[in-house]
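In order, the protein sequence lines correspond to chains A and B. For what it's worth, our numbering labels the leading residue of the first sequence as 1, then goes sequentially. For what it's worth, our numbering labels the leading residue of the second sequence as 1, then goes sequentially.
No lab work stands behind these hints: they were computed from the structure. One or more hints might be untrue.
Quick look at which bits of chain A chain B covers, simulated, 3 or more residues with Cβ under 8 Å [stated by the list, open to error]: (1) 514–528; (2) 657–667.
Using 35 Å as the maximum straight-line C-alpha spacing, the simulated DSBU-like pairs for lysine-lysine come out as follows [said to hold, decoys possible]: (3) Lys-403/B <-> Lys-5/B; (4) Lys-176/A <-> Lys-304/A; (5) Lys-476/B <-> Lys-176/B; (6) Lys-671/B <-> Lys-544/A; (7) Lys-544/B <-> Lys-124/B; (8) Lys-574/A <-> Lys-574/B; (9) Lys-671/B <-> Lys-332/A; (10) Lys-544/B <-> Lys-671/A; (11) Lys-544/B <-> Lys-574/A; (12) Lys-5/B <-> Lys-476/B; (13) Lys-627/A <-> Lys-492/A; (14) Lys-124/B <-> Lys-257/B; (15) Lys-70/B <-> Lys-544/A; (16) Lys-176/B <-> Lys-544/A; (17) Lys-671/A <-> Lys-625/B; (18) Lys-625/B <-> Lys-403/B; (19) Lys-544/B <-> Lys-5/B; (20) Lys-594/B <-> Lys-544/A; (21) Lys-476/B <-> Lys-594/B; (22) Lys-594/A <-> Lys-544/B; (23) Lys-124/B <-> Lys-403/B; (24) Lys-671/A <-> Lys-332/B.
Only a predicted model underlies this, so the values are computations on that prediction, with no experimental measurement involved. All C-beta atoms in this analysis are idealised placements derived from N, C-alpha and C, irrespective of residue type, glycine included.
There are 2 protein chains.
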Amino acid sequence: MEKSKNGYECWLSYGSYAVHSGNREFQKFGGCISMPRESPILTAAAEEWSRAMREIFSIQTEITHSLPEKPCILLETNTGVPGDQFTIRVEKRQPFPYIRITGNHDTSTLYGVFELLRSIGLGKSPAEAETSQNCRNELRMLDHWDNMDGSIERGYAGRSIFFHNNQVSKDFRRIKDYARLIASVGINAITLNNVNVFSEGNRLITERYLPDLSKITDIFSQYGIRTFLSVNFASPLELGGLSTADPLNQSVQNWWKQTVQTIYQFIPNFGGFLVKADSESRPGPYTYGRSHAQGANMLADALKPFGGLVIWRCFVYNCHLDWRDRSLDRAKMAYENFKPLDGKFNSNVILQIKNGPMDFQIREPVSPLFGALRSTNQIMECQITQEYTGQQKDLCYLVPIWKEALDFDTRADGGCVPVSHILDGTQFHTCHGGLAGVANVGDSPFWTGNPLAQANLYGFGRLCWQPGLSSEEIAKEWTALTFGSENPAAEKITGMLMKSRTIYENYTCPLGIGWFVNPEHHYGPSVDGYEYSRWGTYHYADCKGIGVDRTVATGTGFTAQYPPQAAEIFENLKTCPENLLLFFHHVPYSYRLKNGETLLQHIYNTHFYGYDGVVKLKEIWLTLKGKIDGEIYEEVFRRLDLQLEDAREWRDVVNTYFYRKTGIADQLGRKIYP
Amino acid sequence: MEKSKNGYECWLSYGSYAVHSGNREFQKFGGCISMPRESPILTAAAEEWSRAMREIFSIQTEITHSLPEKPCILLETNTGVPGDQFTIRVEKRQPFPYIRITGNHDTSTLYGVFELLRSIGLGKSPAEAETSQNCRNELRMLDHWDNMDGSIERGYAGRSIFFHNNQVSKDFRRIKDYARLIASVGINAITLNNVNVFSEGNRLITERYLPDLSKITDIFSQYGIRTFLSVNFASPLELGGLSTADPLNQSVQNWWKQTVQTIYQFIPNFGGFLVKADSESRPGPYTYGRSHAQGANMLADALKPFGGLVIWRCFVYNCHLDWRDRSLDRAKMAYENFKPLDGKFNSNVILQIKNGPMDFQIREPVSPLFGALRSTNQIMECQITQEYTGQQKDLCYLVPIWKEALDFDTRADGGCVPVSHILDGTQFHTCHGGLAGVANVGDSPFWTGNPLAQANLYGFGRLCWQPGLSSEEIAKEWTALTFGSENPAAEKITGMLMKSRTIYENYTCPLGIGWFVNPEHHYGPSVDGYEYSRWGTYHYADCKGIGVDRTVATGTGFTAQYPPQAAEIFENLKTCPENLLLFFHHVPYSYRLKNGETLLQHIYNTHFYGYDGVVKLKEIWLTLKGKIDGEIYEEVFRRLDLQLEDAREWRDVVNTYFYRKTGIADQLGRKIYP
C-alpha cells in the first residue's frame, strides 16, 4: 500500500515539526546523548532521539557513556521506585549545559525522551520543557481484536498488522513503528488477539505460534510494552483433549499451569491473559457451575509464579433477553454478576469494566461497578475503534467520552470519588489499575483508516498517562505534532475534533438512548433495528413517548446500583442530566427540556443541527487544501463526504421515524420526509 | 449423514406404497417390460419400473424386445410430434392384456412410466390409470443457486449436492437419485449454479470443470433433463483477458462463440445460459450502453448453432433507491426495463420473469410483464426455496401462490388471458415458454431440510406439467405417495399443507405489503427492517395508516402497467382484492374491510390467528406419532417448534409495532405488549 509519510508517521513525523526561535535551542543539545548505562530500552530511546534530531535539525547524534564536555542529553535511570516517573531538567553546567532525563525505570526514561521530543514538536524551549511527571495508572493497555486470519472484529482500518492467513506477521518494521508510536504516548501493555478466540486463534498459546510470537513481543519489550494474549476459557477442551474446562478440576489446573510455563519459555515478560468468559455465548466458568472468581483465580494461580496477570472482562450479560419483559435490564447485568464477587479475586486478577453499562454508545452513564467494587483490581475498557461512533468514516473525537467517565464523581461513601481515583488505586488501595482501549489500528496507510482518528489513539494514551489533561489540550497537542505547531490548520482541526462528538451525537441517538443503529454492522440508522431483539437494547418509543425507565420507583431499578447520592440524581427526572434523560426515564414527547424545547422538537432540532455540523466540518476542511499533507487532506475529504451522506441518512430517518410516530410537524417547518 | 429411507426417497418410496385390491392388479403386468427399441432414457424408464415392482410387489421384472405372450408393460415411442405427450392404455389382448405407454419422445415415455407408478401409489387400478396427457409448458426448469464452494444462496437444506470445496461433486448416486426424483414430476431442465456467478463459479464454463460437469449432465440426460449454467456477463473480462464485455464488440462475440463451442464438446445436449445481468450490482450490457436485447442476443447467436437457449432474467431494478422519494417504485422497474424491448429478442432467448413485481413475498400481484410482452419468449420464475416464506423451518405450501399466478387473468386485449396461456405459448404464439423454480434442495437427508417442503418440489413439477391441477389435488397426491394412500395421516397432512400459506401470511405481512423481515437473512420480523433502505421495499406506516399508493390517480402509477381492465380493478380501493390492499393503496388504520373489521383490527386479528394456526398445526402433528416414518415425524416436530417460536415473535412484534404507532388497543383485549 502507498504510504503517506506524514500519515504513516503520525505524531512522530519529526520532519514536519516546525522549528523556530524557542525550540531551536534544542539543536545544541541534540548532537550528543550521554547514556551511562546500556539496555535495550535505553538503546531504543537513544535511537528515537537520534532519528528525531536527524529529521528535525538534520544533525547526527553521538552517543557517549560518560557526561561529555559539550551540551548533551543525559539519560539516567534510578531504579527502585514503583510506578512510572520521570523528570526533565535543564542542568546549567558551565560552559556546557545539558538536559537530564531521569526515569525510575528505563521505560520511564524512554517516556522522558518522547516527552522531550513532544516538547520540541509543540514548540517549547528547553526551559519550558522542564517537567516532573508521575503516572498513577499502572496499566495503559491496548486491546486488539485481531483474528488469526487477518480480519479485525470491529476494525475499520484495514487488516491486522499482527496476523494474516493464520500466520504471525513478519513485517517487523511495521510492528516496531507501531511500538514506537504507542510507547511515545505511554502505552505499556498490549493484547494482540481478539477477545473472541476461535478456530486457529485458540492455538496462539501453543508452540505452533509462540516462536513467531516471541519475535513480536521482543519488539514491544524494547519499548516497555508487555504483551498479553486473549484466551479461550475452553482451551483445555479445545487444545488439551480434556473433557472439561472446570476451573476446580485438577487436570484443568495442571493443563493451564503447563501452558503458562510453555508461554513463558518463549516470552519471558509475558503480561498474562485477557478473558471474555460467559459472555455473548463464549464459554466460561458458569458452564461448570463455578463463579467468575473461581474461573479467574484458577488462571491467576497458573500465572502468579511468573508475575503474570489475568484481565477478566465484566461484559457479561444475558444476550437472550425477551423484549416483551420490561423488567429485564441489560444495564444491570455486569453489576449483578460481579458486585457479589468483590474481594474474591486473587491479587493478580484485574476486572476490565466497560466505561458504560451497555456497550460503547455515543453517550452512556458510567458503569455503576466503579464505586461498587472496593476490594478488586479494576481497569476501565474504552473503545478507540469507532464501532458505534462512525467507524472511522465519521469524525468523532472520543477523548471527551473517556474524560467524562474518568471525571465522573461516583459519590462512593458519600464523598467525592471520581472514577480516575478508583482506576489509579488511590481510592481503594487496589494493587493494579489503569485503562484499556480497544485499538483502532490496522494496516491502513494511516494506521487508523481516517487520519483524524489518530487523534483518538494518541489521546487514549495521553489520557491514561495524564488524566488531568483536558480533551482540548490533548487535541491541541495532537494537531500541533501532526500538522505543525505553527500551522494555522492545527487550530482549525482542533476545533473540528472538539465539535465532532456533539455533532455525531446530534445526528444519531438523542439523550443517551443509544442503539438506533443497523444491527450487526452498526453503521447507519435503523431506529427499530435493535428494538425487538434479544440483546437488551431497547428505546420503547411509541406514539406518546420514548426512553427506558430505569428508576427504582417505576422502572428496572438500575439507578439503585449507584451509591445513594448518585442514584438520587439519576432517579429524579428533574435532576437527571438531560443528556442522559432517555437512558434513565421514559418521557413523553411533549416534555419540556430546560431550554424550553419539547422532547420531540429537541430530537428534530439536534438532527438538523447534526447534519449542518457536518456541512460546517467540510467547509472548514476545504480551507485546508494545500495547508497540510496532501494525502491526509484527500483521505479526510473523502471520508467527510461519506460522513455527510451518513449524517443526512441519520437526520432524515430519525426525524421521519418520529414524525411518523407522532404526526407532529417540526415547529420550524424544516423538511421532514413523510 | 444418516438417511431416513422414506425421507430420502420422497414420493418415490415405492416400498411404502400401499397395496390393495385396486392397484394389486398391476402385479400381473409388472413382471415384464416390452421395449422394442432401446435408448438410455428408455433403459432408465425400465430400470425405474423394475425397482418399483421389486419394492412394491417384491417381483423381478424381465425385459423383452418384442411383445411377449404374457401380460406386460409396453414402452413405445412415436417420435416426430413436438411437445411432451404420452398415453397410457390397457390393451385387452386375450388372453394376455398389456399396458401400453406411448410417448412422442423417449422422455415422454419415461414420464408415462412415472405416471403409471404414481397411479399405483395413489391406489388406482390399471383401468383408472388410463390417461392421455399433453404438456404445453415446454420448459419445466429448476434453478439451483449453488456456489462452487458448496454453499447455497438462500438455501435452507444443507450444502450443495453439485459442488463442494470448488470441485464438482462425484456423488453420482445422489445426483442420479435427484434426477429420478425431478424427472418423475416432469422437470426437463436444470441450472446447476447460482445466478450470482463469482470467483470460482466464473470458471465453470471452462475446461477446468467441463469434464467433471459432463458426468453430471450425462446423468441428467438419461432422465431427459437438459443442463444449463449461469454465466457472468463479464466473463470475457474475468476469463478471457479482454478489456470489455461489450456485446457489440467482435472479440467479445468471438470469445463467447469459442466458449460455447468448447462447452458443447463436453456437453452435447447443453441447454444454454441463465443470466442475471445489470441486477443487484451484477455486470451487464448497460455498462457498455447496450440494451438487454443486445446483450442477450449476442449470447443467443453463440448458442444458436447448437440449439442452445439464453434465459435472461427480468429481475432488473435500481437497488440504490432513495426512500424519501415516494414516486420511485421498484415494482415498476422490470416492466420499464423490458416492455420497450418486446419483439427485439432472438428466437432462442427467453425472458425469465418472477411471478410478482417485487421478490417472492408471501403475497404479490402478478408481474405486469405477463400480458405486456407479446412477441417475446417468457417463463415465470417461482421460488421453491422459502427465502421469504419461512426458510423451511416454517411450513408453507407454496403451490397456491404459483397457481394463483398461473390462473391470474391478465385481461390482455380485454379478453380472458390467464398467465398460464401466455407461458405455454398458446396466447401469443411464442416459441418457447414454461416455468422455472428456484430449487429448495441440498444435501439434507430429506433433500429439502423440512421433509414437508418436499411437497413444494413435487408440486412445482406437477403444476408445470399439469397447470390445471388444483393445489389440493397436488397436495393429496404428494401426501398419498409419501405417507401411503391408505394412511389417514395423509389427509391430515394435506389439511396442514392447505392451511399453511394462510397461516404464514397471517402471522407475517398483511394484505400484500411484504418486507416486514429482518434484512439480509430474511427470517423473522423487523417491521422497519427494510423501511429506510435502498432496496425499494417500503410500507410507509405512520400513526394514521399504512400501504404503498401505487395508483395512477395519487400514487406511483404502477397500476397502469396492467391492461386497462386489470388496472382499473387494482386502481380502485373498493375493487382492489383485499388481500393486495396494502400493495396498491395507502389506507388509514380506521378503514373498514369488507368483513367490517378496521384495518388495524385486521392486523391484530390475523396475527393472533396466525400464531393460533401454528399451535393447531402442531396439535395435528402430535396425533401422527407412530403413524408415519419416525425420522420424518421427529424432524417436522422439531421444525414446528421453531415455527411456533417464529410465529410468536412475528405476532408480538407486529402487533406491538402497530399498537405503539397508533395507541389503539385490541378490541378483543388480547395481550399486546406495550
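request  = State the violated hints by number, sorted upward, taking the hints as numbered earlier in the document.
outcome  = Numbers 7, 8, 14, 15, 16, 17, 19, in rising order.
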